[in-house]
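The listed protein sequences derive, respectively, from chains A and B. Residues 1 to 252 (the working numbering) are what the first sequence spells out, left to right. Residues 1001 to 1271 (the working numbering) are what the second sequence spells out, left to right.
Hint data in this document are derived by calculation from the structure and do not stem from the laboratory.
Here are the simulated PhoX-like pairs of lysine-lysine, each with C-alpha atoms no more than 25 Å apart in a straight line: (1) A:LYS79 to B:LYS1045; (2) A:LYS17 to A:LYS47; (3) A:LYS171 to A:LYS74; (4) A:LYS79 to B:LYS1041; (5) B:LYS1233 to A:LYS47; (6) A:LYS79 to B:LYS1150; (7) A:LYS17 to A:LYS79; (8) A:LYS47 to B:LYS1234; (9) B:LYS1241 to B:LYS1150.
From the structure, some residues in chain A lie toward chain B, with a derived Cβ separation under 7 Å: (10) VAL60; (11) LEU62; (12) ASP86; (13) ARG89; (14) PHE94; (15) PHE96; (16) GLY98; (17) ALA100; (18) TYR102; (19) PRO114; (20) ARG117.
Listing some non-contacts, in silico: residues in chain B with all C-beta distances to chain A over 10 Å: (21) LEU1050; (22) LEU1077; (23) SER1103; (24) VAL1264; (25) TYR1269.
All figures in this text were calculated on a predicted structure; none of them were measured in a lab. Don't be surprised by glycine CBs; every beta carbon is placed ideally from N, CA and C.
Each chain is listed here by its residues.
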Amino acid sequence: MMDKKNIPNQEIVLEIKDLRKSFGDNHVLNGFNMQLHQGENLVIMGKSGSGKSVMIKCLVGLLEADSGSISVMKNDITKLDQEALDILRADIGFLFQGSALYDSMTVRENLEFPLRRHKQKNSLDTDINELVAEALENVGLANTQDLMPSELSGGMKRRIALARTLILKPKIILYDEPTSGLDPITAKEIIMLMQEVQQKYGTSSLIITHDIDCARVIADQMILLIDGIDYAVGTFQELSASKDPKIKAFFK
Amino acid sequence: MHPAIPIYLVSMSGIHNIKTQFKSFLIEIGELSYFTARFFKEVFKRPFELKELLRQCYYMGNRSLFLVAITGFIIGLVLTLQTRPTLQEFGAVSWMPSMVGISIVREIGPIITALVCAGRIGSGIGAELGSMRVTEQIDAMEVSGTNPFKYLVATRVLAVTLMLPLLVFFGDAIALFGSYLVESVKGDVSFTLYFTQVFNSLEFGDIVPATIKSIFFGLAIGLVGSFKGYYCKKGTAGVGKAANSAVVFTSLLLFIIDFIAVFVTDIFYDL
Ligand SMILES: Nc1ncnc2c1ncn2[C@@H]1O[C@H](COP(=O)(O)OP(=O)(O)O)[C@@H](O)[C@H]1O
Ligand SMILES: [Mg+2]
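Taking the hints into account, I'd like the entire structure generated from these sequences.
So, in structure tokens, the structure goes:
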């Protein structure tokens, strides 16, 4: 199993303080806090509709927070202009809930897409072909370059989406329900893949899930998002031993 | 028996309904204007996404060419067949080419082609962008450093705006050809004679306003389709609604633009 890392001593790569976000009368986030350390796997759990996706979208500037501070590698993203934000985004991988592959493009074009804007990050002589091939090999789907997303199974789509996320070698990866909609076996494969990626590239990961098995395997630290706040923080063992009925509900 | 509903309440709710509908129509116009302003702001900024623009031009032209040809042909045919008896009564069948030519080039060609394209291209853009929004593909583009408004919206709007005048020319030509077929059978007119008469009757003042009008038609189709798709509501029902309301709203807008165009052209003629 995983060696215990001394994570709290590592530097903080992602930090949210007192994040608030409402849609009209729908107060989704009411002062949410979190910290992600270098090399850590932080799992965030919450019921469906509790605002997990809203939180993660505020993190990358897809949604604008009403108030609170969000810092990504020491940059306050609420204060960045578009260009600076785009540069910062190259260091953050985002795996979307439903894979979000571009369905009018082939697998290869999907993987090349992030390279269009962030080419400067890779040295000029690095061949795009090599990058695409490497990314596909990482997820065990080397021969799918010319397929369309509609020709792939749900599990394959998720792998390709992960490959697309990895192609820029991000320092932080945000996973929005990486195993949702997959059968248990495929889900396990995706979790193993996430662990491999973490070990190979030393990334820090924020994983949103309500899959308790996924959390057990992968979490160094967990946060329960309940009523729009960081209701409970701790390791899997700590939280699963809790007597609080709201927390217990997650561990059945 | 349930209590009778007072008649004035029924009519009041009817009025209320129309009022809210009108209000939401005005709000929609406001939002669309904002969207249009953003389009003009971003379309002239680098990078120009030329490859995607050309791909869209080809795709849109290709998808609507056949439909435009069929409708144009039928319109030309029908228009000539139905006008013929009346002209004959006045012994003015020789005016047929100029009459049909002017009405097709000035009015019928542009509006029919635009309506066909609203159904074909406008709804296509609405559905495509709508499903990209719902499945978070637009978000995925944004986090990978590509401005989705530029890449998806600006290219599509520009593509329809460029393609529509061409499709209108093409539709006009096919409609005139349909009209010629009727004349050659019923009136024994030669191809050269027919088209010489058509072109003799057409002036610069017929073609230029029609082309300008077509450009605006294209702009409307592209903008409304993109607007509906880009702000599509979550869920699969949202995608259908985006496509459908794109067509309805565009068609309405096309007639309004047509009305304004005729009005403006008329003023220029009087000068
Ligand atoms: N763009 C939006 N506009 C309005 N409401 C939204 C939007 N995105 C999310 N919401 C609302 O925020 C709440 C949380 O949604 P979400 O973060 O997607 O939940 P989940 O925790 O399942 O990911 C839901 O009630 C949803 O309706
Ligand atoms: Mg979600």
